[in-house]
Amino acid sequence: MQFGVFSVGDVTEDPTTGITVSEGERIKAMVRIALKAEEVGLDVFAQGEHHNPPFVPSSPTTQLGFIAAQTSKIILSTATTLITTNDPVKIAEDYAMLQHLADGRVDLMMGRGNTGPVYPWFGQDIRNGIQLAVENYALLRRLWREEVVDWEGKFRTPLQGFTSTPRPLDDVPPFVWHGSIRSPEIAEQAAYYGDGFFHNNIFWPITHTKRMIELYRQRFEHYGHGAADQAIVGLGGQIFMRKNSQDAVREFRPYFDNAPVYGHGPSLEDFSRETPLTVGSPQEVIERTLSFREHFGDYQRQLFLMDHAGLPLKTVLEQLDILGEEVVPVLRKEFAALKPAHVPDAPTHASLKAAAERAHDLETIE
Amino acid sequence: MNEKVIAVVTAGLTTPSSSRLLADQLAEAVRDELSGRGIGARIELIEVRDHAHDLTNNLLTGFPSASLREVLETVAGADALIVVSPTFSASYSGLFKMFFDVLDDQALAGKPVLLAATGGTERHSLVLEFALRPLFSYLKALPVATAVYAASTDWGPNAAGLRPRIAQAATELVAALHNETPTQADPFKNPTPFEDLLNS
Chain W
1 MQFGVFSVGD VTEDPTTGIT VSEGERIKAM VRIALKAEEV GLDVFAQGEH
51 HNPPFVPSSP TTQLGFIAAQ TSKIILSTAT TLITTNDPVK IAEDYAMLQH
101 LADGRVDLMM GRGNTGPVYP WFGQDIRNGI QLAVENYALL RRLWREEVVD
151 WEGKFRTPLQ GFTSTPRPLD DVPPFVWHGS IRSPEIAEQA AYYGDGFFHN
201 NIFWPITHTK RMIELYRQRF EHYGHGAADQ AIVGLGGQIF MRKNSQDAVR
251 EFRPYFDNAP VYGHGPSLED FSRETPLTVG SPQEVIERTL SFREHFGDYQ
301 RQLFLMDHAG LPLKTVLEQL DILGEEVVPV LRKEFAALKP AHVPDAPTHA
351 SLKAAAERAH DLETIE
Chain S
367 MNEKVIAVVT AGLTTPSSSR LLADQLAEAV RDELSGRGIG ARIELIEVRD
417 HAHDLTNNLL TGFPSASLRE VLETVAGADA LIVVSPTFSA SYSGLFKMFF
467 DVLDDQALAG KPVLLAATGG TERHSLVLEF ALRPLFSYLK ALPVATAVYA
517 ASTDWGPNAA GLRPRIAQAA TELVAALHNE TPTQADPFKN PTPFEDLLNS
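From first to last, the protein sequence lines are chains W and S. Residue numbers for the first sequence follow the working numbering, so the first one is 1 and each next one is one higher. Residue numbers for the second sequence follow the working numbering, so the first one is 367 and each next one is one higher.
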């Protein structure tokens, strides 16, 4: 099982000090968080993509390339890559380029983006969100898998004799996750291709997340990629830890109360009951995270949101220390002991390359 | 005995409120009308006030709390609806609207609805026609022709005038109940096959 962090990249005032960091400081802080994630033994760093304030990461491959140069093990991913408003040709090129620079330590999570005004800035319309995700991703797959592409669709200018460069590293396209909170069509899309499905459940109750994941698993089996319990599932999580539970709650509450998205709404206690948010001791985080498996089955990737709502970098780095030292080693052991042998790990560049070579050898023998 | 579920959504703020008073009378009239036809009635009363915090939280977080979810499911599963709003600033109250803002926009499709409102003066009675009716038309519900407005005087000197309006609206709601309510397609049980999405 893979453990990691995902950062949305918001610039939010620290409600306890009134300090708002600059965009430059926030960008550098995200880099520090990624380096720290590798240092404490996490497997994945994923970052968001946004084209509107108060978010900074508009150019994920620039940032991930910079992080790739300073790391050697951690997988660099996105949460999410906007498959609706980005040109699929540019996604194909940017991430193949990143794959080469990062020696294959790259995968992507596709998302649609839920901010209406962003779409027209890129010549699109949010009402076409699903259709854009379907058409653009179908083209992206071909660009990575076919040397020369002739293509015509609804949303982008046609391609004649187009070759996306560079070709994916070892001719193995990056693994793709599809993220969607509420659209069954996206669970269907992930299942159809045998790609991964990530549910960012951090703002959602378990009952809802369960329906989405069950649908994805059933349809994964329907399309012949394996049994339902072999589908590739990722989940979000949101945690804040201190040695004593009460200290964690006291310190995190002002950030919670003023956070973007859910701030000024439900109480921390209500929200913790309804969503995966866990504010408490490392042991409480371990127990809560292990319980996800009982609802959603054995899954392959767990990403935690650690750095939003104006939390200072110093605090985030402390949190990553606790996560890496006290929480993830226990989770790794416990999850591994519970997972049946036929449930696969999340695909990596190495495993996809080996699978491609096996398929090629089989073809040669036949 | 055949039984119909009638959800009553009332958005009065005080206890007791005139909206609740009107809601109770409408519910009783519908129960009588049904029983006259040999049909039982299960009345599910929803005081929107009890869910005011949860409604705000739902707007902010995008999902209902467990208790609000139950209420929304009750409304979605009911055979018919009685809705009552106080008149605030020449329209339904904000709290009343919030309830229907967080309800799934397909939940009322094809459902008979009895519209009702209360107010201090009868000069606001057309609020039913220019505010409530368009809202429920948008939600693809089937509001019955007679909507009931009760002003302060309808609880005193004009009470005799209110009763036949309540009875008329109840008769229309029960008549509408005999039409088949279309069931909603569940995209989780029957997802659109991906080939159809690709070719659309």
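A couple of the hints might just be wrong.
Quick list of in silico lysine to aspartate or glutamate cross-link-like pairs, DMTMM-like style, CA-CA up to 25 Å [said to hold, decoys possible]:
id	chain 1	residue 1	chain 2	residue 2
1	W	K210	S	D552
2	S	K463	W	D270
3	W	K154	S	D552
4	W	K210	S	D470
5	S	K555	W	D229
6	W	K210	S	D471
7	W	K210	S	E538
8	W	K154	W	D87
9	S	K555	W	E185
10	S	K506	W	E185
11	S	K555	W	D298
Honestly, the hints are just simulated from the structure, not real lab data.
Evaluated hints:
Restraint check for K210(W) and D552(S): satisfied, since their Cα atoms lie roughly 15 Å apart, inside the 25 Å limit. Distance restraint check for K463(S) and D270(W): the Cα-Cα separation of roughly 24 Å lies within the 25 Å cut-off, and the hinted pair is therefore satisfied. At most 25 Å may separate the alpha-carbon atoms for a hinted pair to count; K154(W) and D552(S) exceed this at roughly 28 Å. Straight-line distance between C-alpha atoms of K210(W) and D470(S) comes to about 19 Å, which keeps the hinted pair within the 25 Å bound.
The straight-line distance between the Cα atoms of K555(S) and D229(W) is roughly 18 Å, inside the 25 Å bound, and the hint therefore holds. As the CA atoms of K210(W) and D471(S) are separated by approximately 22 Å, the hinted pair is consistent with the 25 Å bound. Restraint check: the Cα-Cα separation between K210(W) and E538(S) comes to about 41 Å, which exceeds 25 Å; the hinted pair is violated. Restraint check for K154(W) and D87(W): the C-alpha separation of about 13 Å stays at or below 25 Å, so the hint holds.
A threshold of 25 Å between alpha carbons decides the hint, and for K555(S) with E185(W) the separation of about 12 Å falls inside it, so the pair holds. Between the alpha carbons of K506(S) and E185(W) the distance comes to roughly 24 Å, so the proposed pair stays at or under 25 Å and holds. A distance of roughly 22 Å separates the Cα atoms of K555(S) and D298(W); the hinted pair therefore holds under the 25 Å criterion.
The structure is inconsistent with the numbered hints 3 and 7, although it conforms to all the rest.
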